[in-house]
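**Student:** Could you put the whole structure together from the sequences, leaning on the hints where they help?
Next come the chains, spelled out residue by residue.
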Amino acid sequence: MTGNEEQDCFHCGLPVPKNSAYFVEINNKAQSMCCPGCEAVAKAIVDGGLTSFYEHRTEISPTARAALPDVLDQLTLYDKPELQKTFVSVDDKNIKQASLILEGIVCAACVWLNERHISALKGVVEFRVNYSTHRARVRWDDSQIKLSDILQAISAIGYLAHPFDSGRQEAVYKKERSAALKRLAVAGLGAVQVMMLAVALYAGDYSGMDAGLENFMRWVSMFIATPVVFYSAKSFFSSAWRDLKAHQLGMDVPVSLAIGLAYAASSWATVYQSGQVYFDSVTMFTFFLLAGRFLEMGARQKAGQAAEELVKLLPAMATRVTSQGDETVTVSELSCGDKVRVKPGDSIPADGVIIEGRSSINESLLTGESHPLGKTINEKVIGGTVNIESPLLIEVQKVGEDTVLASIQRLLDRAQVEKPSIAKMADRVAAYFVAFLLVLVSAVAAWWWQHDPDQAFWIAISLLVVTCPCALSLATPAAMTAATGSLTRLGVLTTRGHALETLANVTHIVFDKTGTLTKGQLALESTCLVSDLSEQQSLNIAAALELGSEHPVAKVFFQNASIKNSFTAKEIQAIPGQGVSGLIGDVRYRLGCAAYVADVFDADKINLNKTQHATEIFLANDEELLAVFFLSDQLREQALESVQALKKLGKKVWLVSGDNEAAVVHVAGQLDILNTRHSMKPEDKLEVIHELQQQGAVVAMIGDGVNDAPVLAAAQVSIAMGGGTQLAQASADMVLLSEHLPHLVDAVKMAKRSINIVRQNLGWALAYNLLALPLASMGYIAPWMAAIGMSASSLVVVLNALRLNKSVDI
Amino acid sequence: MEILYILIPLGLLVLGVAIWGFLWAVRTGQFDDMEGPAHRILMDDDDIRIPSRNPEKKSEK
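Protein chains in written order, with the numbering used here: chain Z, 1 to 810; chain R, 1001 to 1061.
Certain hints may be false.
Stated by the list, open to error - Simulated coverage check for chain Z against chain R, where a stretch passes if three residues somewhere in it have a Cβ under 8 Å from a Cβ of chain R:
(1) 126-137
(2) 179-189
(3) 237-249
Derived from the structure by calculation, the hints contain no laboratory data.
Every residue, glycine too, gets a C-beta built ideally from N, C-alpha and C.
**Tutor:** Here it is as structure tokens:
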């Protein structure tokens, strides 16, 4: 099945099939491509004069999907004013602006390619891609170019753009970020200045300093520290106040106490020219804390955005049939009793019943069953499933909350609520620690008040600063953020904070089959030739017969037929669920299932080396059987290596699938997986997971499809394939955007490594606090030493975590 | 050491300018994309300009 000569597609890096005839000339050298999709994309790039994309890119591009004319037609829906209302803002008379989510951005060269290609279009005023968020902002002149043209141009070079409602959340994020940056800047610049003066003041303490000058420097320090405390540190005060009002003790309570008291006392000392000033400690402390918070916020927002992307896509369209004719409406506008027309290749917008037409429906979304089911009048269809063959007229019976899809979503929500939250526990521990700290500080202050009232206040401040559980609270998030970052660069997105932590402790890895271990689409496995036709000839005939068909089987033949197919078929007739027939020359050929060619199919004569997992498609003319094609769902690249690597790491690998026994056993055999379950409904899968969990297993579930969503949520950690259904991604803890199984192995290794780092960090932070606590209580540590000690311990923790940022060649 | 009475306020002035500059940068979105521009500068369009000088020849042979 794989080519003998190891050649990889120049565009996407997948192995090139051995009979591939797809080439594009790039820099005067013919480069082979794996599929027509990649060929078309590479050609568009070369024709646009953008070949240097291939020199600059640092990651292999994702495989291009051949854009179907139907999909391109759908893009024109985005030109409708009633739909544009939701996501387009009008700048000027004709100048409009929209936000797009770009799929397929893997490296900076992709950004360059998109910007060059789109900006060159006539009528595009501005096109900017944000590399960090994979979002684009486009401004265009509506009198010169349509939005759908822009979207088409993006898909021509192999990326997918979805308009989305950038809405409030985006604006909130941006505001939060700018505010944090401003606070950080004021605190950082202020801290530097105050520290400079502090050095002079300390030096003056030893070698003597003019009293006037000293006083002047104190006043200047106070002048700089004031905005740092009242502007930069404001967020600590307000959050501490919020905590206190809710009768809780957060990290911000001791922080606010330390900053507030130290500032007040230092100001008092400045005004009355007595005692010590510690403005340097105040500003430095504020700055380091803000820096930590800022990094944490960045990671949080990034995760939030990724999840949001999947939910925020615009609602799908539906064609409503009314007495005035057909009209296109959004799905949310549908109500019960409406009649909707569903074209082949479209998904069914809501639950309903077929009132006209017959077709096959792909329900893999809900059942995991990879082969389409035939449905006809009066049969029920489920919203979200895909109509494959011929147009259907459907009467809507349930919408919104009542649909099957919505109930799965509810199941999912419940399962998510059940999940134990490690974050909450960490908060509770921190609260106890803070309470302990406050009691301890009061006790120490009281003791010193008895013995040395002059020192008492500053010792209390030192103690508050030095024991600030910053390193302790940074230990985990810093490591997790760094690990998440380097995994994201690999194409593994972490959407939940606990995912890595749990993944490191996973004992069982449960795979779904279709779309996870396999590609989830049919491909030609082998051909059994019965007559004297060659394999290529029979494939070409089959492709000619299937021309114009949307059936997944048809795509297989298109991919395998020669580019210049000399056969053309006339009078093509399709019988849903059976097959197609057509005239080529003056011979009538038939292509379909066994029953469809039964009159010439003699099972005794042709000894089919029957591989049960494969779908058989027969090609016959009126006299005899010509060829049998075996189609099956292909394994993903390097699936075997990945499974072996996971086993080597000591994980138990399970295969749990909704497919039939033969298909599951076949895949399990190829991958050497011993624990398999087949014909599982979502409830059964859930049961399997619960059973494993009761035996004490920590389960990672890898799947796709909506049917997997509740199962994904039940597993301790869930991973969705990037190509999987939106819902599954939204509910998964991690998303394998690259759809490259070895990256899963990397993720497991990375998780283990980051847990090690977290342990080191926690150990260090605890040791530091245990050491500093008695020293500070005994009065050996001045506030400036405390601030440096606290910062240094945080710095060590962060630097240790940053080691995870290095490439994942573990 | 009297010079310090002038130098320190001068330093404060510079600090003010620095803070203003930073706030300006935040306001104008210089920090929106922290990764892209670093790569973007490396991918200049030198070779693209060559064909645009003589538009009838699209690919350089």
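**Student:** Evaluate each hint against the coordinates.
**Tutor:** Outcome of the hint check:
Requiring three or more residues with a Cβ within less than 8 Å of a Cβ of chain R, the coverage given for the stretch 126-137 of chain Z holds, as 5 such residues are present. Only when three residues or more bring their CB closer than 8 Å to a CB of chain R does the claim for the stretch 179-189 of chain Z stand; here the count is 5, and the claim holds. Only when three residues or more bring their CB closer than 8 Å to a CB of chain R does the claim for the stretch 237-249 of chain Z stand; here the count is 0, and the claim is violated.
In terms of the numbered hints stated before, the structure departs from hint 3 and from no other.
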